[in-house]
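Engineer: Please work from the sequences and hints to get the whole structure.
Protein chains: 2
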Amino acid sequence: MTIRLQAGGVRLYEQIYEHIKNEIRAGKLLAGERLPSTRSLAEYLQVARSTVDYAYGQLLDEGYIEASPCRGYFVCPIEELMQLEGAGEKAFSGVRTEDKENGGVGKQAGEAEPSDQGVDGGSFVCDFSPHEIDMSGFPFGVWKKITKNILTDANSDLFSRGEPQGDKELRLTISRYLHSSRGVNCHPEQIVVGAGNDYLLLLLEKLLGRQVRIAMENPTYLRSFRIFKSFSYQVVTVDADENGMRAGQLEKEKVTAVYCMPSHQFPSGTVMPIGRRIELLRWAAKGADRYIIEDDYDSEFRYHGKPIPALQANDEHGKVIYLGSFSKAIAPAIRVSFMVLPEALLEKYRRELFFYSCTVSRIDQSILNEFIRDGYFERHLNRMRKIYRAKHELLLEELRPFKEKFAVTGENAGLHLLLTAKGTVKEEELITAAAAAGVKVYGLSGSMAETLDQKRKAAPATVLMGFGALKHEQIREGIRRLKEVWLV
Amino acid sequence: MTIRLQAGGVRLYEQIYEHIKNEIRAGKLLAGERLPSTRSLAEYLQVARSTVDYAYGQLLDEGYIEASPCRGYFVCPIEELMQLEGAGEKAFSGVRTEDKENGGVGKQAGEAEPSDQGVDGGSFVCDFSPHEIDMSGFPFGVWKKITKNILTDANSDLFSRGEPQGDKELRLTISRYLHSSRGVNCHPEQIVVGAGNDYLLLLLEKLLGRQVRIAMENPTYLRSFRIFKSFSYQVVTVDADENGMRAGQLEKEKVTAVYCMPSHQFPSGTVMPIGRRIELLRWAAKGADRYIIEDDYDSEFRYHGKPIPALQANDEHGKVIYLGSFSKAIAPAIRVSFMVLPEALLEKYRRELFFYSCTVSRIDQSILNEFIRDGYFERHLNRMRKIYRAKHELLLEELRPFKEKFAVTGENAGLHLLLTAKGTVKEEELITAAAAAGVKVYGLSGSMAETLDQKRKAAPATVLMGFGALKHEQIREGIRRLKEVWLV
Numbered sequence: 001m002t003i004r005l006q007a008g009g010v011r012l013y014e015q016i017y018e019h020i021k022n023e024i025r026a027g028k029l030l031a032g033e034r035l036p037s038t039r040s041l042a043e044y045l046q047v048a049r050s051t052v053d054y055a056y057g058q059l060l061d062e063g064y065i066e067a068s069p070c071r072g073y074f075v076c077p078i079e080e081l082m083q084l085e086g087a088g089e090k091a092f093s094g095v096r097t098e099d100k101e102n103g104g105v106g107k108q109a110g111e112a113e114p115s116d117q118g119v120d121g122g123s124f125v126c127d128f129s130p131h132e133i134d135m136s137g138f139p140f141g142v143w144k145k146i147t148k149n150i151l152t153d154a155n156s157d158l159f160s161r162g163e164p165q166g167d168k169e170l171r172l173t174i175s176r177y178l179h180s181s182r183g184v185n186c187h188p189e190q191i192v193v194g195a196g197n198d199y200l201l202l203l204l205e206k207l208l209g210r211q212v213r214i215a216m217e218n219p220t221y222l223r224s225f226r227i228f229k230s231f232s233y234q235v236v237t238v239d240a241d242e243n244g245m246r247a248g249q250l251e252k253e254k255v256t257a258v259y260c261m262p263s264h265q266f267p268s269g270t271v272m273p274i275g276r277r278i279e280l281l282r283w284a285a286k287g288a289d290r291y292i293i294e295d296d297y298d299s300e301f302r303y304h305g306k307p308i309p310a311l312q313a314n315d316e317h318g319k320v321i322y323l324g325s326f327s328k329a330i331a332p333a334i335r336v337s338f339m340v341l342p343e344a345l346l347e348k349y350r351r352e353l354f355f356y357s358c359t360v361s362r363i364d365q366s367i368l369n370e371f372i373r374d375g376y377f378e379r380h381l382n383r384m385r386k387i388y389r390a391k392h393e394l395l396l397e398e399l400r401p402f403k404e405k406f407a408v409t410g411e412n413a414g415l416h417l418l419l420t421a422k423g424t425v426k427e428e429e430l431i432t433a434a435a436a437a438g439v440k441v442y443g444l445s446g447s448m449a450e451t452l453d454q455k456r457k458a459a460p461a462t463v464l465m466g467f468g469a470l471k472h473e474q475i476r477e478g479i480r481r482l483k484e485v486w487l488v
Numbered sequence: 001m002t003i004r005l006q007a008g009g010v011r012l013y014e015q016i017y018e019h020i021k022n023e024i025r026a027g028k029l030l031a032g033e034r035l036p037s038t039r040s041l042a043e044y045l046q047v048a049r050s051t052v053d054y055a056y057g058q059l060l061d062e063g064y065i066e067a068s069p070c071r072g073y074f075v076c077p078i079e080e081l082m083q084l085e086g087a088g089e090k091a092f093s094g095v096r097t098e099d100k101e102n103g104g105v106g107k108q109a110g111e112a113e114p115s116d117q118g119v120d121g122g123s124f125v126c127d128f129s130p131h132e133i134d135m136s137g138f139p140f141g142v143w144k145k146i147t148k149n150i151l152t153d154a155n156s157d158l159f160s161r162g163e164p165q166g167d168k169e170l171r172l173t174i175s176r177y178l179h180s181s182r183g184v185n186c187h188p189e190q191i192v193v194g195a196g197n198d199y200l201l202l203l204l205e206k207l208l209g210r211q212v213r214i215a216m217e218n219p220t221y222l223r224s225f226r227i228f229k230s231f232s233y234q235v236v237t238v239d240a241d242e243n244g245m246r247a248g249q250l251e252k253e254k255v256t257a258v259y260c261m262p263s264h265q266f267p268s269g270t271v272m273p274i275g276r277r278i279e280l281l282r283w284a285a286k287g288a289d290r291y292i293i294e295d296d297y298d299s300e301f302r303y304h305g306k307p308i309p310a311l312q313a314n315d316e317h318g319k320v321i322y323l324g325s326f327s328k329a330i331a332p333a334i335r336v337s338f339m340v341l342p343e344a345l346l347e348k349y350r351r352e353l354f355f356y357s358c359t360v361s362r363i364d365q366s367i368l369n370e371f372i373r374d375g376y377f378e379r380h381l382n383r384m385r386k387i388y389r390a391k392h393e394l395l396l397e398e399l400r401p402f403k404e405k406f407a408v409t410g411e412n413a414g415l416h417l418l419l420t421a422k423g424t425v426k427e428e429e430l431i432t433a434a435a436a437a438g439v440k441v442y443g444l445s446g447s448m449a450e451t452l453d454q455k456r457k458a459a460p461a462t463v464l465m466g467f468g469a470l471k472h473e474q475i476r477e478g479i480r481r482l483k484e485v486w487l488v
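Quick note, the sequences are listed as chains S and Z, same order.
At position 415 of the first sequence the residue is numbered 415 (the numbering used here), and the sequence of numbers has no breaks.
At position 406 of the second sequence the residue is numbered 406 (the numbering used here), and the sequence of numbers has no breaks.
Take these hints with a grain of salt, some might be off.
[Stated by the list, open to error] Lysine-lysine pairs mimicking DSS-like chemistry, simulated, CA-CA at most 30 Å apart: (1) 206(Z) - 229(S); (2) 168(S) - 252(Z); (3) 483(Z) - 471(Z); (4) 206(S) - 206(Z); (5) 144(S) - 168(Z); (6) 168(Z) - 348(Z); (7) 144(Z) - 148(S); (8) 254(S) - 483(Z); (9) 144(S) - 144(Z); (10) 148(S) - 145(Z); (11) 229(Z) - 229(S); (12) 229(S) - 386(Z); (13) 229(S) - 254(Z); (14) 148(Z) - 145(S); (15) 144(Z) - 206(Z); (16) 386(Z) - 471(Z); (17) 168(Z) - 148(S); (18) 168(S) - 144(Z); (19) 145(Z) - 168(S); (20) 148(Z) - 148(S); (21) 348(S) - 28(Z); (22) 206(S) - 254(Z); (23) 206(Z) - 254(S); (24) 145(S) - 144(Z); (25) 254(Z) - 145(S); (26) 206(S) - 483(Z); (27) 144(S) - 145(Z); (28) 348(S) - 21(Z); (29) 471(S) - 422(S); (30) 471(S) - 483(S); (31) 144(S) - 148(Z); (32) 168(S) - 348(Z); (33) 348(Z) - 229(S); (34) 229(Z) - 206(S); (35) 148(Z) - 168(S); (36) 145(S) - 28(Z); (37) 229(Z) - 348(S); (38) 206(Z) - 348(S).
For the record, the hints were derived by calculation from the structure and aren't laboratory data.
It should be emphasised that the depicted structure is a prediction, and the values quoted were computed from it without experimental measurement.
Structural biologist: Below, the structure is given as structure tokens:
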């Protein structure tokens with residue numbers, strides 16, 4: 001390894017860190033390759049050993065390398081790294097109340113629902129909620145430090161109202177992040193920051209007008225379905241196959257808007273391939289009033305294959321409204337979502353909605369901006385990706401004995417898997433049996449836009465098994481119990 | 001082009017900018033017309049070329065002119081200009097835009113708009129904005145301390161999503177505060193916490209339904225007017241006398257909702273007496289679908305007489321939707337508002353809107369909760385009341401010499417006074433004369449729901465004079481200057 005260190009300017013450890021990171025990204029250092037020991041690299045470069053330690057520490061944090069006790073440092077596999085570049089966005093939430101409606105089986109995409117834990121989760125040994133996230137990896141220390149610094153610097157500016165679309169610095173940071181991680185092309189001017197997707201959809205309602213027929217997949221993210229229903233919208237559910245929504249149906253259904261999650265559909269986990277994406281975009285390009293709402297709710301956690309760019313990245317006609325959030329990637333409490341408006345809608349927003357003030361405080365915007373801009377977000381994502389991958393693999397492994405009776409899908413990304421029964425057992429029977437054994441699983445029908453959908457009733461029983469917030473031993477224990485009731 | 005530049009006061013580039021902007025708005029410079037080159041204009045005006053560059057840059061930024069490479073600067077088409085209102089980074093704040101509509105006189109109720117200061121305020125020696133608040137008295141130290149403690153205690157709970165209506169502790173604290181300070185009777189269960197009134201009104205739209213005819217006073221809080229217009233609502237403006245809205249007109253106008261500010265109407269400062277309140281409540285009680293939205297936007301700052309309880313305090317039939325916010329009493333950045341729903345609407349909310357998640361982060365909710373619960377809020381209010389009372393009395397005192405030519409009203413509460421000319425001078429003349437003296441005042445017409453309202457056009461000129469953010473010496477200097485131009 002040759003590193004040319006330069007005096008002055010960038011700190012030494014950073015030069016070392018940058019050099020190695022770039023070598024790995026460029027594929028010059030390959031997965032599994034061993035790095036020189038910190039001692040030998042320090043000697044070679046004639047720097048203090050602590051300098052190299054620091055650089056390696058950073059690389060470890062960001063997931064570029066891993067440490068093997070007594071053996072040294074090794075380069076991580078390349079696919080993982082590609083995902084790292086992305087960082088991300090998003091997510092949503094669902095609501096306790098839905099549990100009630102759907103006989104305790106429906107819970108919606110997105111965020112942790114702490115109130116659940118106390119009520120439903122409390123009585124379960126293991127709750128395979130697809131919506132909880134693991135907060136144990138959250139860098140509280142960093143968040144506190146940033147908050148403290150921001151409040152220390154506090155000129156009263158931060159306590160005054162900011163721009164309606166959100167502070168320029170944050171929008172710039174988000175646009176950069178979106179470009180590098182999701183391939184999204186946008187100016188900061190196109191971004192509207194808001195306190196949650198619900199609020200942004202409320203604004204969108206005003207932009208898209210009142211007479212909207214909107215298409216959604218089914219099953220889908222039920223919260224969004226309900227929000228559209230609370231508008232004057234006519235919601236049409238269209239069939240989905242293993243590639244996602246069937247674009248051919250859109251013309252027939254006379255819809256003007258489409259809501260979809262091309263990178264990782266909830267709850268099916270389907271990734272929409274490029275061909276289907278182009279069909280969608282073509283459909284949209286055919287009408288001036290046609291738009292696609294892309295909800296990129298949890299693109300950050302992907303375990304296999306290359307990162308999937310956003311649909312917006314392929315949009316050449318200003319037809320995609322990109323929706324993102326930090327609820328899943330950081331924490332549900334970070335009530336910051338954003339949308340990227342295509343030009344035509346941006347103009348309308350500025351003409352007709354300019355007086356709606358931003359719903360996120362400037363202090364929160366500043367904290368988030370620093371968190372992303374200074375690299376903490378990327379590091380956090382890398383750490384979480386490792387944590388979730390380990391849980392994901394454990395769950396897959398534990399589910400092996402189930403493969404005779406169940407098909408496992410959705411295994412490339414996200415924080416949940418789907419188990420579909422091969423036999424004639426009913427969804428409710430699975431859920432009830434699990435509950436009797438102290439385990440909570442979630443029926444796919446809880447994500448059905450129309451719960452009385454006849455076709456679905458006939459479909460094989462499918463349950464969602466989330467692992468985000470579970471500890472390894474909880475996963476093992478939960479599966480052990482499920483074996484006893486499902487595999488008898 | 002003839003521009004008369006004045007030494008002192010407004011900066012040169014701004015005079016040039018203002019002049020050209022006004023010529024374009026007035027239609028004296030037409031779309032497509034070429035402006036003189038910066039070089040020739042600079043020579044002609046005998047100013048540095050950079051001064052003209054700066055002025056043109058501003059005009060470009062705001063979309064009044066466009067640059068054509070190698071050809072020069074051209075006036076943009078006027079229709080585009082109409083659309084641009086509200087667009088452009090600078091024009092974002094609802095406020096600036098209104099300035100344009102109303103010839104620089106309109107600024108909206110409620111919150112401070114810091115971005116203005118840089119643009120408009122910067123050129124004024126004294127800006128009597130009715131919307132700015134004094135942040136110098138804000139207990140940053142306490143806020144920081146509470147934030148730090150909360151983050152230190154941080155169990156990850158605070159980073160997870162809370163209840164849709166807002167955390168119970170905060171709702172309890174708010175309900176207690178409302179009861180003791182405003183006479184509002186409510187359970188914490190009736191409170192919905194949200195990130196700003198705009199958001200809460202968006203939820204209300206769903207609760208009140210689509211076919212709403214809503215009555216507002218005129219002049220009124222224009223932001224709310226615009227929000228209702230952005231709904232499907234039919235907005236009816238009804239006459240107001242010195243007691244506020246005339247309840248008798250409501251029946252005739254066939255409205256189902258009323259928006260009002262009984263404790264301190266913006267901008268008139270009118271306090272609705274109990275007789276009129278009862279008329280309003282009686283009107284509401286006559287129809288199951290009738291509701292009164294009470295916006296209690298700045299009830300905290302009252303200098304004479306007893307505190308005025310909220311209208312909600314007299315509501316025996318569940319007809320008042322109480323809206324409150326901490327933007328004015330704490331800081332605009334504290335994006336926490338709340339509404340108190342009467343039982344019938346609460347039921348509907350829980351049935352139909354339960355899935356909308358809270359837009360305020362739990363951390364912010366916790367900070368605010370402690371701030372109020374531990375008495376800091378009350379202390380802060382007491383301190384601010386003293387600070388504002390001193391400014392208020394100073395302004396009243398300074399305005400004494402004006403009493404021959406002007407009537408002063410709105411002197412019991414709030415952060416602004418109204419000056420109504422006894423003669424035939426026009427509002428615009430007052431504003432222009434003040435501006436020439438480096439003083440910014442705000443015309444009442446800037447709060448008119450219908451700017452073309454004929455009756456109002458005939459009404460005597462009235463300007464708003466806010467004092468919230470001004471220092472004592474600024475008030476004195478501003479009034480000294482106004483004397484010179486208004487009392488000659």
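Engineer: Hint by hint, note whether the structure agrees.
Structural biologist: Cross-check of the supplied hints:
1. 206(Z) - 229(S): holds (11 Å)
2. 168(S) - 252(Z): violated (48 Å)
3. 483(Z) - 471(Z): holds (18 Å)
4. 206(S) - 206(Z): With a Cα-Cα distance of about 13 Å, the restraint between residue 206(S) and residue 206(Z) holds, given a limit of 30 Å.
5. 144(S) - 168(Z): Within the cut-off at roughly 24 Å; holds.
6. 168(Z) - 348(Z): Measuring from Cα to Cα gives roughly 20 Å; hence the hint holds.
7. 144(Z) - 148(S): holds (7 Å)
8. 254(S) - 483(Z): violated (66 Å)
9. 144(S) - 144(Z): holds (11 Å)
10. 148(S) - 145(Z): Holds, at about 9 Å.
11. 229(Z) - 229(S): holds (21 Å)
12. 229(S) - 386(Z): violated (49 Å)
13. 229(S) - 254(Z): The hint holds at about 28 Å.
14. 148(Z) - 145(S): OK: residue 148(Z) and residue 145(S) at ~9 Å, within 30 Å.
15. 144(Z) - 206(Z): violated (37 Å)
16. 386(Z) - 471(Z): With Cα atoms ~14 Å apart, residue 386(Z) and residue 471(Z) stay inside 30 Å; holds.
17. 168(Z) - 148(S): holds (26 Å)
18. 168(S) - 144(Z): holds (24 Å)
19. 145(Z) - 168(S): This hinted pair holds, its Cα atoms lying about 28 Å apart.
20. 148(Z) - 148(S): Holds: residue 148(Z) and residue 148(S) sit about 7 Å apart, inside 30 Å.
21. 348(S) - 28(Z): holds (28 Å)
22. 206(S) - 254(Z): holds (25 Å)
23. 206(Z) - 254(S): holds (25 Å)
24. 145(S) - 144(Z): holds (12 Å)
25. 254(Z) - 145(S): violated (56 Å)
26. 206(S) - 483(Z): This hinted pair is violated, its Cα atoms lying about 47 Å apart.
27. 144(S) - 145(Z): Roughly 12 Å separates the two Cα atoms, so the pair holds.
28. 348(S) - 21(Z): Holds - the C-alpha atoms of residue 21(Z) and residue 348(S) are around 23 Å apart, at most 30 Å.
29. 471(S) - 422(S): Holds, because 28 Å separates the two Cα atoms, which is no more than 30 Å.
30. 471(S) - 483(S): Given pair residue 471(S), residue 483(S) holds - Cα atoms ~18 Å apart, limit 30 Å.
31. 144(S) - 148(Z): Roughly 7 Å separates the two Cα atoms, so the pair holds.
32. 168(S) - 348(Z): With a Cα-Cα distance of about 38 Å, the restraint between residue 168(S) and residue 348(Z) is violated, given a limit of 30 Å.
33. 348(Z) - 229(S): holds (15 Å)
34. 229(Z) - 206(S): OK: residue 229(Z) and residue 206(S) at ~11 Å, within 30 Å.
35. 148(Z) - 168(S): Within the cut-off at roughly 26 Å; holds.
36. 145(S) - 28(Z): Answer violated: residue 145(S) to residue 28(Z) is near 56 Å, above 30 Å.
37. 229(Z) - 348(S): Holds. Residue 229(Z) to residue 348(S) sits at ~15 Å (cutoff 30 Å).
38. 206(Z) - 348(S): holds (22 Å)
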